[in-house]
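Enquirer: This is what each chain is made of:
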Amino acid sequence: MTSNAPIAKGRTAPDATGVPVRLRGVRRAFGRTTALDGLDLDFAPGELVALLGPSGCGKTTALRILAGFETADEGEVLMDGEDVADVPANRRDIGMVFQSYSLFPNMTAAENVGYGMRVRGAGRRERRERAAELLALVGLPGREGHYPHQLSGGQQQRVALARALAVEPRVLLFDEPLSALDAKVRLQLREEIRRIQLESGITTVFVTHDQEEALSLADRVAVMRDGRLEQCAPPAELYARPATPFVAEFVGTMNRIPGTVRDGGEVEALGRRLPVHGSAPAEGTEVDVLLRPEELAVRAAEDGTATVQVATFLGGLTRLGLRTEAGLEVKADLPSREAAALAPGARCTLVPHDGAVLVADRSAAG
Amino acid sequence: MAGLKTAAPPAPAAGAERPAPPARPRTARRRRGVGSLFVLFLAAAYFLVPVAASLWFTVDDAGKGISFDAYAKGLTDDGLATSLLTSVLLGLATVALGLLLMVPTLVVVVLRLPRLRRLVEVLCMVPLIVPPIALVAGVSTVLSWEQELASTPFYRTFQLLQNKDFPLVLVLIYTVMSLPFLYRSLDAGLRAVDLRTLVEASRSLGASRTATIYRVVVPNLRSSVVSGAVLSLAMVLGEYTVATVLGFEPFAVWMVHVGEYEAQLSVAAAMLSLLLTWGLLLLLTNIAGGRARNRRTTA
Chain D
137 MTSNAPIAKG RTAPDATGVP VRLRGVRRAF GRTTALDGLD LDFAPGELVA LLGPSGCGKT
197 TALRILAGFE TADEGEVLMD GEDVADVPAN RRDIGMVFQS YSLFPNMTAA ENVGYGMRVR
257 GAGRRERRER AAELLALVGL PGREGHYPHQ LSGGQQQRVA LARALAVEPR VLLFDEPLSA
317 LDAKVRLQLR EEIRRIQLES GITTVFVTHD QEEALSLADR VAVMRDGRLE QCAPPAELYA
377 RPATPFVAEF VGTMNRIPGT VRDGGEVEAL GRRLPVHGSA PAEGTEVDVL LRPEELAVRA
437 AEDGTATVQV ATFLGGLTRL GLRTEAGLEV KADLPSREAA ALAPGARCTL VPHDGAVLVA
497 DRSAAG
Chain C
2 MAGLKTAAPP APAAGAERPA PPARPRTARR RRGVGSLFVL FLAAAYFLVP VAASLWFTVD
62 DAGKGISFDA YAKGLTDDGL ATSLLTSVLL GLATVALGLL LMVPTLVVVV LRLPRLRRLV
122 EVLCMVPLIV PPIALVAGVS TVLSWEQELA STPFYRTFQL LQNKDFPLVL VLIYTVMSLP
182 FLYRSLDAGL RAVDLRTLVE ASRSLGASRT ATIYRVVVPN LRSSVVSGAV LSLAMVLGEY
242 TVATVLGFEP FAVWMVHVGE YEAQLSVAAA MLSLLLTWGL LLLLTNIAGG RARNRRTTA
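Protein chains in written order, with this note's numbering: chain D, 137 to 502; chain C, 2 to 300.
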């Protein structure tokens with residue numbers, strides 16, 4: 137696990153109006169299943185943090201505890217320094233966008249957007265004007281009178297976003313809001329959410345299982361596993377310097393290459409000795425060396441130890457699927473210009489990069 | 002493309018007659034149409050013949066021909082108006098009490114205690130399998146304690162329950178009897194909406210639990226609330242066993258009493274009650290459908 141201290145100032149709005157949020161040693165169990173096991177996480181004012189992890193890792197439970205829909209068995213939930221553990225959901229000043237379309241079917245888009253203001257006692261005219269303003273902000277001008285069933289999925293999520301913003305929340309929570317949308321709409325809406333979040337400067341927590349979404353959207357990504365935080369870092373750091381083998385393999389594509397730990401904190405793999413990132417296991421230990429596809433150089437060689445199985449053109453890059461003589465499946469990314477000579481069936485050699493590598497217990501594969 | 006050419010049917014020679022379209026499907030369609038009409042006719046006859054026969058019975062006067070005397074007599078009879086009003090009020094009170102009990106209960110079960118859903122369903126279905134006579138026998142036993150409780154505050158409660166003008170005890174019993182109808186309708190409505198998300202969305206926007214039920218849950222259960230209410234109301238308007246055993250005279254009991262000495266008036270009252278039930282049904286259906294129509298017209 138690594139530090140989860142928030143970044144001082146990333147892409148967040150310079151005049152952020154959000155509040156700091158803290159989760160301190162939060163535990164939550166459902167029967168015998170532990171959903172959160174002492175989660176510590178800080179969110180800076182105006183920051184967008186994505187909670188990323190496989191199903192059942194506890195990310196949604198953490199979000200629901202922040203929202204007030206679940207109660208922590210232990211630990212503290214602090215918003216702007218105030219412990220909100222006993223504050224009911226309707227008094228937390230949060231805005232939430234849900235995975236399923238959560239618009240009230242009996243209300244128009246404008247009525248949905250104005251709902252939070254209505255329960256706060258705002259007048260009809262004020263609600264109408266604010267709804268029109270917010271619907272325009274999310275790209276739906278003139279749809280005030282439309283009912284949810286008259287809107288597409290993407291439009292409904294835009295209205296849900298406008299509705300969450302209408303109450304001027306201290307914290308915005310997103311529970312996989314794009315997962316039910318098609319790819320094109322998802323991309324558009326993702327950019328809209330980021331633009332609006334930056335403009336409003338509201339502290340935002342975004343739960344997703346889509347790593348591309350998390351990496352492209354967030355100031356920091358918190359990777360969770362089995363109710364615990366594995367690493368929370370800006371996307372580039374998370375990708376380039378994963379703290380644990382789990383993060384390394386969960387974020388992006390990763391090869392596992394068998395190796396043996398040698399003296400001097402090095403590991404031998406693919407015929408080369410490479411420095412180990414962090415503390416190395418005992419000498420002689422059989423490990424897996426974790427290498428990203430772009431960290432492997434591939435050179436055409438008649439006497440090479442690997443064969444190209446498949447070449448997938450990805451524009452500037454070509455991804456090669458290779459098989460070594462030992463039967464190991466490896467992926468490598470090459471500039472497409474260099475990959476031209478490596479057609480399927482070609483023999484080649486694999487050369488890992490010179491930097492420090494992460495190693496994992498071989499039994500923990502998969 | 003070559004494949005497509007060979008697969009294409011040959012063009013008819015000049016002057017050759019076009020082959021007649023196959024007659025079989027049209028005949029089959031016609032047969033199906035006749036069959037549907039026959040079924041529709043049978044169903045209509047099943048429902049309409051008794052109504053028409055009753056109507057004829059009420060207006061046929063052996064000496065004068067067609068006469069509406071039975072209806073005129075019924076409309077001016079104090080007994081009909083009083084008993085009908087009692088039944089309608091009992092029905093409305095039953096519906097109100099039933100909904101007040103069932104809507105929050107089912108919402109809590111869906112949101113907080115989903116494991117109890119099956120148990121609640123079984124409990125709500127019990128009145129369907131317990132005959133009304135068994136139910137009223139139990140209630141009669143309890144009501145017979147009245148004299149024994151004369152010196153306690155319960156005595157007044159017992160008297161209030163059996164008030165002849167508005168027997169509250171019937172409302173309580175009818176509420177129990179209406180549970181299956183209300184449960185089935187509300188359960189179907191609750192399954193059709195993502196209640197948990199709607200409630201959580203409402204709460205996250207600052208609404209209290211009461212406001213959430215009033216502004217979000219009930220409006221989205223509107224049609225199931227109305228259908229449960231219609232079924233319960235119809236049940237109360239036609240209920241005879243419980244009322245007659247307990248000695249009250251709502252509409253159904255009055256109708257049977259009148260039928261003993263004035264059959265034509267009794268059947269005329271039945272026809273009037275049929276009209277009233279249909280009217281209430283249409284009214285409630287319109288209330289439920291009104292919002293949906295508004296939504297369509299706003300599009």
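Because the hints were derived from the structure by calculation, they are not lab data.
All values derive from a computational prediction rather than experimental measurement.
Virtual Cβ for every residue (Gly too), placed ideally from N, Cα, C.
One or more of the hints may lead you astray.
[Said to hold, decoys possible] Estimated spans, in silico, between C-beta atoms of each pair:
no.	chain 1	residue 1	chain 2	residue 2	range
1	C	Pro-115	D	His-345	19 to 27 Å
2	C	Leu-93	D	Ala-316	20 to 28 Å
3	D	Ala-165	C	Leu-101	34 to 42 Å
4	C	Tyr-215	D	Arg-163	32 to 40 Å
Enquirer: Are the hints correct? Go through all of them and say.
Expert: Outcome of the hint check:
no.	hint	in the structure
1	C:Pro-115 x D:His-345: 19 to 27 Å	holds (25 Å)
2	C:Leu-93 x D:Ala-316: 20 to 28 Å	violated (42 Å)
3	D:Ala-165 x C:Leu-101: 34 to 42 Å	holds (36 Å)
4	C:Tyr-215 x D:Arg-163: 32 to 40 Å	holds (36 Å)
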